[in-house]
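Chains as they are written, first to last, in this note's numbering: chain A, 1 to 423; chain B, 424 to 846.
Keep in mind that the hints were calculated from the coordinates and are not lab data. Do not rely on the hints blindly, as some may be mistaken.
Stated by the list, open to error - Result set (PhoX-like, lysine-lysine): computed pairs, CA atoms no more than 25 angstroms apart in a straight line: (1) A/Lys-194 - B/Lys-716; (2) A/Lys-224 - A/Lys-194; (3) B/Lys-617 - A/Lys-194.
Said to hold, decoys possible - Negatives, chain A to chain B, calculated, CB over 12 angstroms: (4) Ala-31; (5) Ala-34; (6) Arg-53; (7) Leu-103; (8) His-155; (9) Asp-182; (10) Gln-269; (11) Arg-276; (12) Val-365; (13) Ala-388.
For glycine and all other residues, C-beta sits at the position ideal for the given N, C-alpha and C.
Residues per chain are reported as follows:
2 protein chains.
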Amino acid sequence: MNSAFDLDAAVTGAARAARTLACASSAVKDAALAAMAAGLDAARPALRDANERDLAAGRESGLSAAMLDRLALTEVRITAMAEGLRQIVALPDPVGRVVSQGLRPNGLEIGRVRTPIGVIGIIYESRPNVTVDAAGLCLKSGNAVVLRGGSEAIHSNRALARVLAQALDETGLPRAAITFVDDPDRALVMQLLKMDDRIDVIIPRGGEGLIRFVMENATIPVIKHDKGLCHTYVDRHVDLEMAVEVALNAKVQRPGTCNAMETLLVHVQVAEPFFRAFAPRARAAGVIIHGCKRSCALLTPTMGAAVVPAATADWDTEWLDLNLNVRVVDSLEIAIDHIASHGSNHSEAILTADYDRARRFLREVDAAAVYVNASTRFTDGFEFGLGAEIGISTNKLHARGPMGLEDLTTTKYVILGNGQIRK
Amino acid sequence: MNSAFDLDAAVTGAARAARTLACASSAVKDAALAAMAAGLDAARPALRDANERDLAAGRESGLSAAMLDRLALTEVRITAMAEGLRQIVALPDPVGRVVSQGLRPNGLEIGRVRTPIGVIGIIYESRPNVTVDAAGLCLKSGNAVVLRGGSEAIHSNRALARVLAQALDETGLPRAAITFVDDPDRALVMQLLKMDDRIDVIIPRGGEGLIRFVMENATIPVIKHDKGLCHTYVDRHVDLEMAVEVALNAKVQRPGTCNAMETLLVHVQVAEPFFRAFAPRARAAGVIIHGCKRSCALLTPTMGAAVVPAATADWDTEWLDLNLNVRVVDSLEIAIDHIASHGSNHSEAILTADYDRARRFLREVDAAAVYVNASTRFTDGFEFGLGAEIGISTNKLHARGPMGLEDLTTTKYVILGNGQIRK
Chain A
1 MNSAFDLDAA VTGAARAART LACASSAVKD AALAAMAAGL DAARPALRDA
51 NERDLAAGRE SGLSAAMLDR LALTEVRITA MAEGLRQIVA LPDPVGRVVS
101 QGLRPNGLEI GRVRTPIGVI GIIYESRPNV TVDAAGLCLK SGNAVVLRGG
151 SEAIHSNRAL ARVLAQALDE TGLPRAAITF VDDPDRALVM QLLKMDDRID
201 VIIPRGGEGL IRFVMENATI PVIKHDKGLC HTYVDRHVDL EMAVEVALNA
251 KVQRPGTCNA METLLVHVQV AEPFFRAFAP RARAAGVIIH GCKRSCALLT
301 PTMGAAVVPA ATADWDTEWL DLNLNVRVVD SLEIAIDHIA SHGSNHSEAI
351 LTADYDRARR FLREVDAAAV YVNASTRFTD GFEFGLGAEI GISTNKLHAR
401 GPMGLEDLTT TKYVILGNGQ IRK
Chain B
424 MNSAFDLDAA VTGAARAART LACASSAVKD AALAAMAAGL DAARPALRDA
474 NERDLAAGRE SGLSAAMLDR LALTEVRITA MAEGLRQIVA LPDPVGRVVS
524 QGLRPNGLEI GRVRTPIGVI GIIYESRPNV TVDAAGLCLK SGNAVVLRGG
574 SEAIHSNRAL ARVLAQALDE TGLPRAAITF VDDPDRALVM QLLKMDDRID
624 VIIPRGGEGL IRFVMENATI PVIKHDKGLC HTYVDRHVDL EMAVEVALNA
674 KVQRPGTCNA METLLVHVQV AEPFFRAFAP RARAAGVIIH GCKRSCALLT
724 PTMGAAVVPA ATADWDTEWL DLNLNVRVVD SLEIAIDHIA SHGSNHSEAI
774 LTADYDRARR FLREVDAAAV YVNASTRFTD GFEFGLGAEI GISTNKLHAR
824 GPMGLEDLTT TKYVILGNGQ IRK
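Pulled out of the complex, with its shape left as it was, chain A reads as follows (with noise of 0.2 angstroms):
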């Protein structure tokens, strides 16, 4: 550890970079990529080792089994982080990019095209792929990145750091490219965050408690990712087998990611046929029901089902596991209020057969992702054909659900003229 590490002249330097890689070539930028690819590759031994002190530092501190699952790296995980960066070297560069252009009456060309935004703080926790992903990421995109990673991986990310610095050398990139902030102390967090003078965007990534205290106390602006408690809705004309499936696998196929399930409303005109089919198939997936009222009495222990009463709070509790909210509802309103009341505006599904019902639902709820008749969980960059993604933005401004490539960007007016002036 470096203790007298120098925040104020690293992020200077992040900002001198971001000048350098804003104008980088395609070419350059993923032969830094590659060079990184294969540096992880290269450097297994050494990162595995440096995992392995963060690892048993975390066995004494007593970090749960959850904990240090997230901030192991296998090979499998290393191979996984140099593949990430090869899929970078394919998606195409979003820099330069036009995105309008037009002639207007005076004469001037005026375009709008896509430039790095400069340079990007990312705050995360526990899981050191971050430090490889979001660094690619970035790089791609013509911006510095400044990384803070948290402090049970200090020496992971620093040893990632240090294959991603050589890379930058090989290519003859700048260094502060990819600025890893080598300090655990947590001060240094909050002078970060002030630093809007050269730090354009701040990006956290963890738990609700972070990202609350970035919000409160950042200067720069934030592009939050957030909880996300998603809502599935089966409707009253529904194909009730396609609904059981698509349920499910809403719940069940990953719980513990933001676009899982959290709370299904079950038309109760459909409720009863519905649980017959959906309850053993939940309860033989490990699901535990915190039912409503009806759902409570309609789910009755011939069913088979797992139940518990729902308590208030459940309602707004992001589970991310296998506990499951179930609500009887009346009205596609009742659904789409509930929905507005305890939804996080992540991924909202309705299940119908109803066309004007599938319209209304889609236009009314207000969520990153709208769903007819499908799993929430397809809200994800990959899925949705961006490639990689930084995360799920849960922002509405600039960047809203998964977060690609062009998210990294912002846009710059292009005028040429010819001696215009303005009368």
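With chain A fixed as given, assemble chain B onto it according to the hints.
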């Protein structure tokens, strides 16, 4: 003045109104805008009376002539506000516009459509026309707006808000769609800036002090409309006659605006002939040059220039009047470095006949608008063909440069399936 103004209830009302407004048809929104315009015309005497009260209070409290001018609601300005609303009627509704659409291999149809942001907070000073312009643009883009004007315009703003509310009533839209904070208590601003659960974005319009205060205290995302410290660089190969006309226009056509030139950079090889043509014209227009050493040496009294030596702080000063910084530079690189160090990333121009140098300037200068051979004064929503603008954003995120109706929307992914589940 209603001293018991309940901001919490008012903002909750605005959030509820936003849901109605998000689904309102273009026809209904346009009818409300037309009713607002007609209401302004009909309420001229009441508006003039209310404004006279603000002006009298302003004179008494010693407001400057410039402040009083900004505050005044003349007949011409009332006409302009009504006309502005009618122009917004004529603009296309951005809501529902499809940004992208495609079919995924698994049969999911994924589209991205424009939707309103939700609730927009606008904090502004002195000019009462902002009340009407901002309300009109927010309404057309389907957003509810919370308006917090300056205390010096409270009577004018209250009278305008009354007209707008009546137009909403007439067209059956909720009054809370345009929520006017009818209380000059400054503590309410701080309260407003923390309401991130109901307000989606804050747009501050005013002086640097206001903008800094908002950035430092808001937990809500901010879109700044900050200062413009714009440069024009006269390159070594250039049509001198064109350069003189464009530079003069950038400075004197309306010096109090954010897109006016504050600093002129001149390549050493053309400095003498350029100054010879420029200096007398500038002097005739009332321009006072703050020159670097070399400028002062070249701008001899026989040239007829009005020159003072530039102080260090001048290069970072947004004059907003007829003062102009002038520096002689040895190269394009030095010009670009000067702009990177002192510019505000607003509008920057190169005047040149050299294709490669024009391209380099466009690529390397980081600003909302970069120009070749045209006056920076064109950075404006109308001039860029966007129609009315809510302002000129100095943010890099979400909206950069002139901010029109489309920038008052976000997007929503709409996913249509037939039972797709994630494997």
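How the hints compare with the structure:
Restraint check for A/Lys-194 and B/Lys-716: the C-alpha separation of about 36 angstroms exceeds 25 angstroms, so the hint is violated. The straight-line distance between the Cα atoms of A/Lys-224 and A/Lys-194 is roughly 17 angstroms, inside the 25 angstroms bound, and the hint therefore holds. Straight-line distance between C-alpha atoms of B/Lys-617 and A/Lys-194 comes to about 18 angstroms, which keeps the hinted pair within the 25 angstroms bound. The Cβ of A/Ala-31 sits about 20 angstroms from the closest Cβ of chain B, beyond the 12 angstroms cut-off, so the non-interface label holds.
Taking the minimum C-beta to C-beta distance to chain B, about 24 angstroms, the non-interface status of A/Ala-34 holds against the 12 angstroms cut. A cut-off of 12 angstroms between C-beta atoms confirms that A/Arg-53 is not in contact with chain B; the least separation is 36 angstroms. The non-interface label for A/Leu-103 is inconsistent with chain B: the shortest C-beta to C-beta separation is roughly 10 angstroms, within 12 angstroms. The non-interface label for A/His-155 is consistent with chain B: the shortest C-beta to C-beta separation is roughly 33 angstroms, beyond 12 angstroms.
Every C-beta of chain B lies more than 12 angstroms from that of A/Asp-182, the closest at about 27 angstroms, which supports listing it as non-interface. With a cut of 12 angstroms on Cβ distances, A/Gln-269 stays outside the contact zone with chain B, its closest approach being about 20 angstroms. Even its closest Cβ contact with chain B, about 19 angstroms, leaves A/Arg-276 beyond 12 angstroms, as expected for a residue assigned away from the interface. With a least CB separation of 9 angstroms from chain B, A/Val-365 falls inside the 12 angstroms interface cut-off, contrary to its annotation.
Interface exclusion of A/Ala-388 from chain B stands, the closest Cβ pair being 16 angstroms apart, more than 12 angstroms.
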